[in-house]
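S.K.: Sequence:
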Amino acid sequence: MTADRDATDRERWIAVATDEHRRLLASIEGLVATDGLDVTASSLLPDWTVGHVLTHITHSGDGHLLMLEAAAHGAVGVQYPGGREQRNSGIEQGATRPAGEQLADLRQSIEALEARWASMPTWDGVGASMGGDVAISDLPFLRLREVAIHHADLGFGYGFGDLPDAYVREETRRMSMLWAARQPMGLTTLPFLALAAVPSDRLSWLMGRTTIDGLEPAGIY
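Number 241 marks the last residue of the sequence shown (the numbering used here); no jumps.
For the record, the hints were derived by calculation from the structure and aren't laboratory data.
This one's a predicted model, so the numbers in the text were calculated from it and none came from an experiment.
One should not assume that every hint holds.
Said to hold, decoys possible - Pairwise CB distance ranges (calculated):
1. Leu65 / Glu131: 20 to 28 Å
2. Arg25 / Gly234: 20 to 28 Å
3. Gly56 / Gln128: 17 to 25 Å
C-beta atoms are modelled at their ideal positions from N, C-alpha and C, and glycine is treated no differently.
Go ahead and model the full structure; you've got the sequences and the hints to work with.
M.R.: Shown next as structure tokens:
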């Protein structure tokens with residue numbers, strides 16, 4: 021039963037992540053079509069432009085593909101073989117490319133990743149991500165996180181209030197556990213002001229994207 025439940029959860033996150041891919045592409049395609057995508061404009065992330073965020077989404081997806089390809093052959097793949105230096109330099113180098121090129125690369129990366137999801141012979145094993153080892157079976161959810169949160173970070177009108185409800189619930193559960201792990205022994209419940217916030221605002225606070233009056237930053241990121 022556990023294996024069946026895991027497979028069901030994984031397929032659900034693949035479906036949600038695929039939908040979020042489409043929403044992201046629609047946002048970018050609409051702007052590119054009207055010459056309205058300025059890759060040098062500031063994003064909502066400190067020190068990152070729109071081009072930085074888009075390049076990161078693309079390269080992160082490419083790294084997921086590397087981990088999946090390796091797992092399909094019983095090996096452990098590395099998301100960024102060159103480590104943090106590769107990750108950071110790749111983002112810097114790609115951030116200023118023309119909008120059309122960035123869109124094409126993003127679309128190609130998404131198509132390759134979704135094709136690999138559909139053809140995975142096994143979801144066993146782990147991959148080596150920038151943050152440490154991750155279960156291959158959890159990669160669809162982690163990809164959903166990258167796409168949905170960074171879509172909001174672009175500042176194109178898509179915000180935390182637009183995130184899928186199922187994703188908000190699961191991500192809030194995960195982030196709440198991380199928050200509790202950083203608190204003094206015995207403090208495991210989110211502050212009242214966080215619990216009183218609407219779910220999307222609570223998650224935004226947990227992920228360091230917004231503040232809640234009367235609360236210190238969540239301190240996870």
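S.K.: Now, for every hint given, state plainly whether the structure supports it.
M.R.: These are the hints, each one checked on the structure:
1. Leu65 / Glu131: 20 to 28 Å: holds, 26 Å
2. Arg25 / Gly234: 20 to 28 Å: The hint (20 to 28 Å, Cβ to Cβ) is violated, given that Arg25 and Gly234 are roughly 39 Å apart.
3. Gly56 / Gln128: 17 to 25 Å: holds, 22 Å
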